[in-house]
Amino acid sequence: MSRHGNNPSSAMLQPTAPQRLGRASLILLALLFLGGFLILPVVAVFYQALSQGWKIYFESIHQQDVLSALRLTALVASIAVPLNVVFGIAASWAITRFEFHGKNLLITLIDIPLSVSPVVAGMMYVEVFGLHGWLGPWLSEHNLHVIFAVPGIVLATVFVTFPFVARELIPFMQAQGSDEEIAAVVLGSNGWNLFWRVTLPNIKWALLYGTILAASRSIGEFGAVSVVSGHIRGQTTTLPLEVEMLYNEYSFTAAFAAASLLTLAAIVTLVIKKMIEMTSGVHGVPEEEEVES
Amino acid sequence: MSIEIKGISKQYGSFTALSDVSLTIESGELVALLGPSGSGKTTLLRIIAGLESPDGGSILLHGEEAARQNASRRGIGFVFQHYALFRHMTIFENVAFGLRVQGSADRPSRAKIRERVQELLHLVQLESFAKMYPEQLSGGQRQRVALARALAVRPKVLLLDEPFSALDAKVRKELRDWLRRIHDELHVTTVLVTHDQEEALEVADKVAILNHGKVEQIGTPQAIYDRPASPFVYDFLGDVNLFHGRVLAELSLDKPAGNMKSHIESVIGFVRPHELELSRHLPEGQKAVLASVVRVHSAGPHVRLTLSITENGRPVAAELSRQRFEQLALTLGDYVFVWPQSIRLFDEDGKTSQLLNHGAGI
Numbered sequence: 000m001s002r003h004g005n006n007p008s009s010a011m012l013q014p015t016a017p018q019r020l021g022r023a024s025l026i027l028l029a030l031l032f033l034g035g036f037l038i039l040p041v042v043a044v045f046y047q048a049l050s051q052g053w054k055i056y057f058e059s060i061h062q063q064d065v066l067s068a069l070r071l072t073a074l075v076a077s078i079a080v081p082l083n084v085v086f087g088i089a090a091s092w093a094i095t096r097f098e099f100h101g102k103n104l105l106i107t108l109i110d111i112p113l114s115v116s117p118v119v120a121g122m123m124y125v126e127v128f129g130l131h132g133w134l135g136p137w138l139s140e141h142n143l144h145v146i147f148a149v150p151g152i153v154l155a156t157v158f159v160t161f162p163f164v165a166r167e168l169i170p171f172m173q174a175q176g177s178d179e180e181i182a183a184v185v186l187g188s189n190g191w192n193l194f195w196r197v198t199l200p201n202i203k204w205a206l207l208y209g210t211i212l213a214a215s216r217s218i219g220e221f222g223a224v225s226v227v228s229g230h231i232r233g234q235t236t237t238l239p240l241e242v243e244m245l246y247n248e249y250s251f252t253a254a255f256a257a258a259s260l261l262t263l264a265a266i267v268t269l270v271i272k273k274m275i276e277m278t279s280g281v282h283g284v285p286e287e288e289e290v291e292s
Numbered sequence: 000m001s002i003e004i005k006g007i008s009k010q011y012g013s014f015t016a017l018s019d020v021s022l023t024i025e026s027g028e029l030v031a032l033l034g035p036s037g038s039g040k041t042t043l044l045r046i047i048a049g050l051e052s053p054d055g056g057s058i059l060l061h062g063e064e065a066a067r068q069n070a071s072r073r074g075i076g077f078v079f080q081h082y083a084l085f086r087h088m089t090i091f092e093n094v095a096f097g098l099r100v101q102g103s104a105d106r107p108s109r110a111k112i113r114e115r116v117q118e119l120l121h122l123v124q125l126e127s128f129a130k131m132y133p134e135q136l137s138g139g140q141r142q143r144v145a146l147a148r149a150l151a152v153r154p155k156v157l158l159l160d161e162p163f164s165a166l167d168a169k170v171r172k173e174l175r176d177w178l179r180r181i182h183d184e185l186h187v188t189t190v191l192v193t194h195d196q197e198e199a200l201e202v203a204d205k206v207a208i209l210n211h212g213k214v215e216q217i218g219t220p221q222a223i224y225d226r227p228a229s230p231f232v233y234d235f236l237g238d239v240n241l242f243h244g245r246v247l248a249e250l251s252l253d254k255p256a257g258n259m260k261s262h263i264e265s266v267i268g269f270v271r272p273h274e275l276e277l278s279r280h281l282p283e284g285q286k287a288v289l290a291s292v293v294r295v296h297s298a299g300p301h302v303r304l305t306l307s308i309t310e311n312g313r314p315v316a317a318e319l320s321r322q323r324f325e326q327l328a329l330t331l332g333d334y335v336f337v338w339p340q341s342i343r344l345f346d347e348d349g350k351t352s353q354l355l356n357h358g359a360g361i
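Just so you know, the protein sequences line up as chains A and B, in that order. According to numbering that gives the first Met the number 0, the first sequence is numbered sequentially starting from 0. According to numbering that gives the first Met the number 0, the second sequence is numbered sequentially starting from 0.
A couple of the hints might just be wrong.
[Unchecked claim] Sample of chain A residues lacking proximity to chain B, with all beta carbon distances greater than 12 Å (derived): (1) L28; (2) V84; (3) P112; (4) P136; (5) S139; (6) A148; (7) Q173; (8) N189; (9) L193; (10) G219; (11) R232; (12) N247; (13) K273.
[As the list claims (entries may be wrong)] One-sided and incomplete, this derived list gives chain A residues near chain B with beta-carbon spacing under 8 Å: (14) L37; (15) S188; (16) V197; (17) P200.
Think of the hints as simulated: they come from the structure by calculation, not from any bench. Every residue gets a Cβ at the ideal spot worked out from N, C-alpha and C, and that includes glycine.
Excised from the complex, chain A in its bound form (with noise of 0.2 Å):
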């Protein structure tokens, strides 16, 4: 190809002055718009939490209140996030290696977490478990609270966080397909055997990486978890909720300390599934499988 001279790749490694400035104007403008919106918030958080100096930060952080929305969201999101793992391997298990009638709908319903505006998933939850609500007389009854309670907010959260982890899930094992699992039955394997030792070890990545987006939205979710918790301090204030109500009262730096915890595991998280990527080839879909020629 040399002996002719230009070649397409040469010319996309030798541009133009004309392309070159388009080039460089379109890195800049996604550079300015990158910091505008993404990086410079992000430092604001950082910095108003720490405006008045680290030993106000940490009593920010060590107030009793603080304290117990941040156990609040570690129970609901250590209860979240199993219940969305065992639903989400089973979904995907069911769609991507069985055929049955209502298939489509099952994956329609799946995405509805992710249309369905949070506060409308809050209001539902009321509606049929509030003191008002279809099931709410017969709970009272039994003493069992729901709304207004850490079971609700359990309930909110897993109905924003259910797609996470199948929709991860779902194309991967689609693309993996089955073969592997038909050759461990024809060898004779039972389906325990199957699972913890070809399924499992197969899907591993993708579900982790599915789980801790899952984990990520738990923990920060705001809308659905606000309608049902009632926002009873030190007993069904979330971090997110807490983060919002010190802000309401004017105490900023508090609001910020609080918001920056939320920062960090948000942080952490993407730290975390970028790592995940770069060990396992995930990146929501599969490598290509090799094909021989």
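Given chain A, put chain B in place with the hints provided.
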């Protein structure tokens, strides 16, 4: 273990994959199911394995009804077209899998498993690859691992679903010979699905030809090649020249025998390229057509010619030995007389067939 297939049918929606297929495979035989894609050969294999259930009919494995047996309990080794190796396991673990997942009552000890796996890796000549992962192996090596994995549990039946079709031509040929050697060593009843007629004819003891969900013919490779039972089989097993009834009538058949005479108009004649005789001079009493040489393929042991019949311009393929070709000294544009040494006639419905020898002319 023998396999008896009795009246198996399978329907996918409006598509008939198999209709009333019956077939008996003797113990220790290597049988190839040969057919074009969509002929139902893979479906039949998956039904034998228990991966699909038939709509009707039954499968007897060693005289026992298999329908109620789960795929995992049939004692079958299955080799897939795309290997289906466990990607996160080493080669050793892949081969050991079938032994490790056996119920605790039957499961061999660790030492026994190790011994068996080594034995199989030796058989497929991949001992030094035990610690590697499937992705580090070539396609041919992967398929050998897949075979070792299938054989590890000492299956009574070995089923292979287009095992070599994803490999390049040279490796394919090597593995084919190698599969035959392993079969001769182990005598496992084996069913091989393939769309490659050369592969089927070369490897198998018996070939069953499937078309549109039906068995067209079953027999030894020789029988099938020499005496195709239908126009489809004739066509599927290599190059062939078709002479339709019209052509035959025009040029008149020399000795149309018996019942063929009455409806000579609707006869199709099949002649393989190597069954055509070519000559520059017409021997006395021989009926022939005149044709011109359109193309010459002289690479390989035989010379292949494309001829064009002068009268109607129809193309005809002929195959000659190199020696004969040099004798004739043919070049492009030359005219030759062409006649078949033998011709097989079928009715238009493909049922009745008749072989005409030397006397035939076209």
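Structure-based check of all given hints:
no. : hint : verdict
1   : L28  : holds (41 Å)
2   : V84  : holds (19 Å)
3   : P112 : holds (32 Å)
4   : P136 : holds (49 Å)
5   : S139 : holds (50 Å)
6   : A148 : holds (43 Å)
7   : Q173 : holds (16 Å)
8   : N189 : violated (7 Å)
9   : L193 : violated (8 Å)
10  : G219 : holds (33 Å)
11  : R232 : holds (49 Å)
12  : N247 : holds (51 Å)
13  : K273 : holds (22 Å)
14  : L37  : violated (37 Å)
15  : S188 : holds (4 Å)
16  : V197 : holds (6 Å)
17  : P200 : holds (4 Å)
The structure does not agree with the numbered hints 8, 9, 14 stated previously, though it agrees with the rest.
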